[in-house]
Amino acid sequence: SQQGEEDPQALSIQEGENATMNCSYKTSINNLQWYRQNSGRGLVHLILIRSNEREKHSGRLRVTLDTSKKSSSLLITASRAADTASYFCATDEGYGNKLVFGAGTILRVKS
Amino acid sequence: GAVVSQHPSRVICKSGTSVKIECRSLDFQATTMFWYRQFPKQSLMLMATSNEGSKATYEQGVEKDKFLINHASLTLSTLTVTSAHPEDSSFYICSAAVFRGAYEQYFGPGTRLTVT
Numbered sequence: 007s008q009q010g011e012e013d014p015q016a017l018s019i020q021e022g023e024n025a026t027m028n029c030s031y032k033t034s035i036n037n038l039q040w041y042r043q044n045s046g047r048g049l050v051h052l053i054l055i056r057s058n059e060r061e062k063h064s065g066r067l068r069v070t071l072d073t074s075k076k077s078s079s080l081l082i083t084a085s086r087a088a089d090t091a092s093y094f095c096a097t098d099e100g101y102g103n104k105l106v107f108g109a110g111t112i113l114r115v116k117s
Numbered sequence: 448g449a450v451v452s453q454h455p456s457r458v459i460c461k462s463g464t465s466v467k468i469e470c471r472s473l474d475f476q477a478t479t480m481f482w483y484r485q486f487p488k489q490s491l492m493l494m495a496t497s498n499e500g501s502k503a504t505y506e507q508g509v510e511k512d513k514f515l516i517n518h519a520s521l522t523l524s525t526l527t528v529t530s531a532h533p534e535d536s537s538f539y540i541c542s543a544a545v546f547r548g549a550y551e552q553y554f555g556p557g558t559r560l561t562v563t
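Chains as they are written, first to last, in this note's numbering: chain A, 7 to 117; chain B, 448 to 563.
I should point out that these hints are in silico values taken from the structure, not numbers from a laboratory.
Hints are not guaranteed to be accurate.
[What the hints assert, rightly or not] Capping the alpha-carbon separation at 25 Å, the derived lysine-lysine pairs in BS3-like fashion look like this:
(1) B/467 / A/104
(2) B/467 / B/511
(3) A/32 / B/488
(4) B/488 / A/104
Just chain A, with the same shape it has in the complex (with noise of 0.2 Å):
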């Protein structure tokens, strides 16, 4: 099952420009991780906010999570054209090590 909702589904942006992704979710959770796909590749890890953190940065890229209304944000600054993938929250639904991914934002970034 998915319990993620993503928005937007696609964005398309200009280098150098900050793109914002959301993702709601909607049961308890114990963390909250955002992944990167690019097309026809295996997901890469980006960060990972536990549920006790209101925000979190790491390098270009910084995660928002509100717990009370279930919803986080991935903000990634002065994006580049290697930027352009599928961007996909992920959250254990209190299970501890098991995943559910929201739907996914297609990010394009043009140079």
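Since the structure of chain A is provided, determine the placement of chain B on it from the hints.
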């Protein structure tokens, strides 16, 4: 660290044959491995959870007799698609879980299965 490999990366088989896909954690031991299926332009759908030395737990709607999972060691899990049909054509991705304060999953590069 935390590299996961899959073999083969692509496979084409005829309808009715069986195909085995291997998933290996190369530089760590994984207590749990997961198998996902992904259709074009869609998200990952969990098929089954595989724990070393025990039977896999399948998600609702996944036929366990069709998708055989063997988890022989802490670094190897295999998925066998038996009596494959064209509708089984898909991208199959495995992941291996490691606990580092929280469970993190590291994904293999995926296997593209085409059944003709």
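Hint check results:
For the given pair, residue 467 of chain B sits about 23 Å from residue 104 of chain A by alpha-carbon distance, which is consistent with the 25 Å threshold. The suggested pairing of residue 467 of chain B with residue 511 of chain B holds, with an alpha-carbon distance near 14 Å, which does not exceed 25 Å. The hinted pair formed by residue 32 of chain A and residue 488 of chain B meets the criterion: a straight-line CA distance of about 23 Å does not exceed 25 Å. The hinted pair formed by residue 488 of chain B and residue 104 of chain A meets the criterion: a straight-line CA distance of about 22 Å does not exceed 25 Å.
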